[in-house]
Amino acid sequence: MARKKILISRDSTQVVEITAEDEAVWAAQKALRDAAEPARIAEEIQMNRRSAYQEEADTLFFEEQAGEVASGTWAAKRIEIKKRFPK
Amino acid sequence: MTSTLKADVLQSKTTDGDLTISGDGSGVPNLEAGFKVAGTVGVPTASIQDDAVTLAKMAAAVDGVVISYDASGNPVHVGPGTNGQVLTSTGAGSPPAFEDAGGGAWAKVASGGSGTVSEFAYTSLGTKDTWLRLRGVTSAQNWLIGMRMVIAQSGSYVTTGTGYNATALQTNGASAPTYAYASSYAEAHLTPGTSSIPASGDGSRDWNLDLNFFSPGGTSRHKNWSAFIWESNDDSPRIQRTVGSFDANTSALSGFKLYCVSSNNQYDFNYISYEIMELN
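The listed protein sequences derive, respectively, from chains F and P. Heads up: the first sequence begins at 1 in the working numbering, then just goes up one per residue. Heads up: the second sequence begins at 1001 in the working numbering, then just goes up one per residue.
If you're looking for bench data, these hints aren't it; they were derived computationally from the structure. Some hints could be false.
Capping the alpha-carbon separation at 20 Å, the derived lysine to aspartate or glutamate pairs in EDC-like fashion look like this [to be verified]: (1) P:Lys1128 <-> P:Asp1100; (2) P:Lys1257 <-> F:Glu43; (3) P:Lys1108 <-> P:Glu1275; (4) F:Lys4 <-> F:Asp22; (5) P:Lys1108 <-> P:Glu1032; (6) P:Lys1257 <-> F:Glu23; (7) F:Lys87 <-> F:Glu68; (8) F:Lys5 <-> P:Glu1099; (9) P:Lys1128 <-> F:Asp34; (10) F:Lys82 <-> F:Glu21; (11) P:Lys1108 <-> P:Glu1278; (12) P:Lys1036 <-> P:Asp1070; (13) F:Lys83 <-> F:Glu56; (14) P:Lys1257 <-> F:Glu21; (15) F:Lys5 <-> F:Glu23; (16) F:Lys83 <-> F:Glu21; (17) F:Lys83 <-> F:Glu68; (18) F:Lys4 <-> F:Asp34; (19) P:Lys1257 <-> F:Asp11; (20) P:Lys1257 <-> F:Glu56; (21) F:Lys82 <-> F:Glu68; (22) P:Lys1108 <-> F:Glu21; (23) P:Lys1006 <-> P:Glu1032; (24) F:Lys87 <-> F:Glu23.
Footprint (simulated), chain P over chain F, 3 or more residues, beta carbon under 8 Å [claimed, not checked]: (25) 1 to 7; (26) 64 to 76.
The model shown is predicted, which means the values in this text are computed figures rather than measured ones. All C-beta atoms in this analysis are idealised placements derived from N, C-alpha and C, irrespective of residue type, glycine included.
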């Protein structure tokens, strides 16, 4: 069965079959995505690690300094976050 | 033979008696145009009977106008305005006017039922805030797929250029946000990470998307959008929120398209219904 796309505007709605031209555009987009993927994934991992450090680990550092949590808690949390978002 | 009675004053003979002037048969008294009543030209208000002025007696005017009064208290025509406009008060001292409806009302501009497509495109983004409600989304494959979005400017999709990057932030119900970042490809990841659209064969889950664009016709640096996504899940319903902007993008947006990928390949997806609305 032919694949389709829906084109919606204020005035009309069309469901049309995917053309060879569409397939060519997709192939070009896939090449762009593939090329960008390693950098994108690395950026995403870094952002997720940074977010998790701020949300979950940073406060542990100060709590450990104050003796409110066991020594090594902060380092263990950082290791756990790195494992959660592996490079 | 015509006879003429000439006199300066014609008065009833009997005190307090009416003066009757009548014609004979079908004839009627015929007054000269511009006649006066009590020294003033025209018929005074007291001489017009209540309910005597019918619509047919009113002067014709442009269709669609209404009658109001100006600052001097004189009647004026207002309108007719254009299709869809409403009559709006302009305050004291001026007549009302036909104007576009005020803000706060979402108007549906497109809607439809279920479908299975490879791309879902809207080509009429304008100056108004726009809201897409896409319901019951599932993968048409037997595996999970992720939904992506690309914007269009002047009818052309923007797929390259780091200045057009879109960045999504997704909380995904976790304590820390999960980022989905497109560093070199101008598409937004609406379903980043492991948060993907379930297969239709799953049967117990589907996705619902509310996608909002804020002033897409503006030319400010950022065109903000947000996606509120929730998963109908028989076991553990969950909500995701994705927000983003089209960085360094100073041209108006003309549309967007949604599609689904797995391993960067594009695949079909299903939906149950859609509605697109604009904020007036």
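These are the hints, each one checked on the structure:
1. P:Lys1128 <-> P:Asp1100: 13 Å, holds
2. P:Lys1257 <-> F:Glu43: Cα-Cα ~24 Å, so violated.
3. P:Lys1108 <-> P:Glu1275: 7 Å, holds
4. F:Lys4 <-> F:Asp22: 10 Å, holds
5. P:Lys1108 <-> P:Glu1032: 62 Å, violated
6. P:Lys1257 <-> F:Glu23: 15 Å, holds
7. F:Lys87 <-> F:Glu68: 32 Å, violated
8. F:Lys5 <-> P:Glu1099: Roughly 38 Å separates the two Cα atoms, so the pair is violated.
9. P:Lys1128 <-> F:Asp34: 35 Å, violated
10. F:Lys82 <-> F:Glu21: Violated, at about 43 Å.
11. P:Lys1108 <-> P:Glu1278: Holds: Lys1108 of chain P and Glu1278 of chain P sit about 7 Å apart, inside 20 Å.
12. P:Lys1036 <-> P:Asp1070: 28 Å, violated
13. F:Lys83 <-> F:Glu56: The hint holds at about 14 Å.
14. P:Lys1257 <-> F:Glu21: Within the cut-off at roughly 16 Å; holds.
15. F:Lys5 <-> F:Glu23: The given pair, whose Cα atoms are some 12 Å apart, holds under the 20 Å limit.
16. F:Lys83 <-> F:Glu21: With a Cα-Cα distance of about 43 Å, the restraint between Lys83 of chain F and Glu21 of chain F is violated, given a limit of 20 Å.
17. F:Lys83 <-> F:Glu68: 25 Å, violated
18. F:Lys4 <-> F:Asp34: 24 Å, violated
19. P:Lys1257 <-> F:Asp11: 17 Å, holds
20. P:Lys1257 <-> F:Glu56: Roughly 36 Å between the alpha carbons, so the hint for Lys1257 of chain P and Glu56 of chain F is violated.
21. F:Lys82 <-> F:Glu68: Not OK: Lys82 of chain F and Glu68 of chain F at ~24 Å, beyond 20 Å, violated.
22. P:Lys1108 <-> F:Glu21: 32 Å, violated
23. P:Lys1006 <-> P:Glu1032: Within the cut-off at roughly 15 Å; holds.
24. F:Lys87 <-> F:Glu23: Judged against 20 Å, a Cα distance of about 33 Å means the pair is violated.
25. 1 to 7: holds (count 5)
26. 64 to 76: violated (count 0)
Taken one by one, the earlier hints fail for this structure at numbers 2, 5, 7, 8, 9, 10, 12, 16, 17, 18, 20, 21, 22, 24 and 26, listed in ascending order.
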